[in-house]
Amino acid sequence: VYIRKDPLEIPPPSEKDWLKEDEEDFFLQDPDRKRDALPQPFRMVNKLVTLVFENAMEIIERREMFREVQKLKVQPTKCFPTAEFQVTGRANCLAVSGKYIFVGLSVGLAVFKVSDCKEVCAWDAVETEICAIHASDLGNESHVLLAVDEMGLVWLFCFHKEGFLLVKILNEMEDISKRSTCEEVVLSPGGDYAGVLLQGNTKAWLEIYRLPKDSWLKEMEKNPGAAAGLACRERRPTWTSAANIFLLQESPVSANQADAKLSLPVLLLKVKPPKPITGSSFKSPLDALKKVDDDSMLGLGYNHLIKDSQWEQQEAIFCSTYREYLEAESVRESKEEIPRHATFHFLLPSRILQVGPEMKVQPDVPAGIGVHWDGSHNLCLYLLNRPLKEKSDSDPKPDVVWPCAAPIACSAVSSCSRYLALACEDATITLWDKQLGYPLSVTAIVEERLIRSIHFL
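Heads up, the sequence shown is in this note's numbering, so the first residue is 126 and it goes up one at a time.
Think of the hints as simulated: they come from the structure by calculation, not from any bench.
Since the structure is predicted, the reported quantities are computational estimates derived from the model, not experimental observations.
Where hints are given, some of them may not hold.
[To be verified] Below, in silico cross-link-like pairs of lysine-lysine (DSS-like), each with a Cα-Cα straight-line distance of 30 Å or less:
1. Lys386 <-> Lys286
2. Lys286 <-> Lys347
3. Lys243 <-> Lys347
4. Lys172 <-> Lys338
5. Lys303 <-> Lys238
6. Lys386 <-> Lys303
[Stated by the list, open to error] FRET-style restraints, in silico, Cβ to Cβ:
7. Glu186 <-> Glu209: 40 to 46 Å
8. Leu582 <-> Leu219: 40 to 46 Å
9. Pro401 <-> Lys224: 47 to 53 Å
10. Gly264 <-> Leu219: 17 to 23 Å
11. Thr446 <-> Ile570: 26 to 32 Å
12. Leu561 <-> Glu299: 28 to 34 Å
13. Pro464 <-> Ile301: 22 to 28 Å
14. Met276 <-> Phe191: 50 to 56 Å
15. Ile570 <-> Cys218: 30 to 36 Å
From the three backbone atoms N, C-alpha and C, an ideal C-beta is built for every residue, glycine too.
Using the sequences provided together with the hints, build the complete structure.
Right, dumping it as structure tokens:
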């Protein structure tokens, strides 16, 4: 153990420890302000350089924090194309059916295989631009195809063994002034039915066709060379020599001759938009009840006992009561216009679509359609298993009517066709179970936002 002999004392100061005159207040100076003693230009440059470095460090820190946050997020998988194929002209639309890809071009149609993306055949007989295309697999290497061109014409094709067969142009008219254009086309799953929404000069209507796919399969098996000959005729001008093209023009193979053996689709329904509800002409409730069919008391609201004078009186009372509000909002009187656009879905059999015992129903074949027109409160359901005795040109009455509290804005049907979602203009979404026939949920969107589309995921 070390023991100090002498007591602990403070040594006396030496001359070198004495304070100088300019260092007497050194302990009062801020170390960060030493540079303030520099001349003015240098102090300004120093402050600017310091500010630049501080801003740069803040930016670096923010970027590092952002990178750490991005690392914690789930990064989406990046998909790159595995193959590509060249087309003639411009590709506008495509549809996949079975092992084929059908592409709508600016000069016709083209078909490619999914496996190797090689072109199978092309159709450019009239060199028309295809804007929309729908396809469905019929089995036995056959597919049904609906194509809409730039003029609004609907072309119905059968694709069999790598060849096109033109069945019919659904809305073709000899008189151009009476020609209607296609607004929307829907092909049912399985290719049993096709729906076409047509637009005329002053009116719109919906046409539902039954496609005789069983007859097509039999007819195409009996004449296997028709499709192959048509495909070669339509594809040959793209790669043959000038001599071959000249021979083709001298003795062409008519598309009508090649396609005349296929059965034509049957027009089942021609649904027109509902008319505006006007005053009643019935003199008694008994006269109104006589107009009700099948003992159904719920319909489109035409069979009522409200007179025109009562409508006018109610409107006058409403306008006089809320005159100041109507003037503030500059509400103008407008007559009800007939809607010109509709949304429709093919529906599988369910309890709400009751079919008679004489009609055969298959579980995977649509049994009806659901239609709602713009501005309408009603969802109208029509049965597809109708007897052919009824005239298709007549305006059919809906078999089931679902009224809503507000006009229907959009709708969607699930892939299993059991659930139906209706979105109204008051921002409410109702989910229906068509199998049981009652609503599962009603959801109101906050702030009454306008719903434009709805989809099942």
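Status of the given 40 to 46 Å range, CB of Glu209 versus CB of Glu186: 44 Å, holds
Check whether the Cα positions of Lys243 and Lys347 lie no farther apart than 30 Å. 28 Å, holds
Does Lys338 sit within 30 Å of Lys172, going by the straight-line distance between their CA atoms? 84 Å, violated
Compare the distance between the alpha carbons of Lys286 and Lys347 with 30 Å, and conclude whether the hinted pair is satisfied. 13 Å, holds
Honestly, do Gly264 and Leu219 meet the 17 to 23 Å range at C-beta? 21 Å, holds
Return holds or violated for the Cβ distance of Leu561 and Glu299 against the range 28 to 34 Å. 49 Å, violated
Holds or violated: Lys386 to Lys286, with C-alpha atoms at most 30 Å apart: Cα-Cα ~17 Å, so holds.
Could you tell me whether the CB distance from Thr446 to Ile570 stays inside 26 to 32 Å? 30 Å, holds
Sort out whether Lys238 lies within 30 Å of Lys303, counting only the CA atoms. Roughly 39 Å separates the two Cα atoms, so the pair is violated.
Confirm or reject the claim that Pro464 and Ile301 have a C-beta distance inside 22 to 28 Å. 26 Å, holds
Does the beta carbon distance between Met276 and Phe191 stay inside 50 to 56 Å, or does it fall outside? 53 Å, holds
The hint says 40 to 46 Å between Leu582 and Leu219; measuring C-beta to C-beta, is that right? 23 Å, violated
Of the hints listed earlier, those the structure fails to meet are numbers 4, 5, 8, 12, in rising order.
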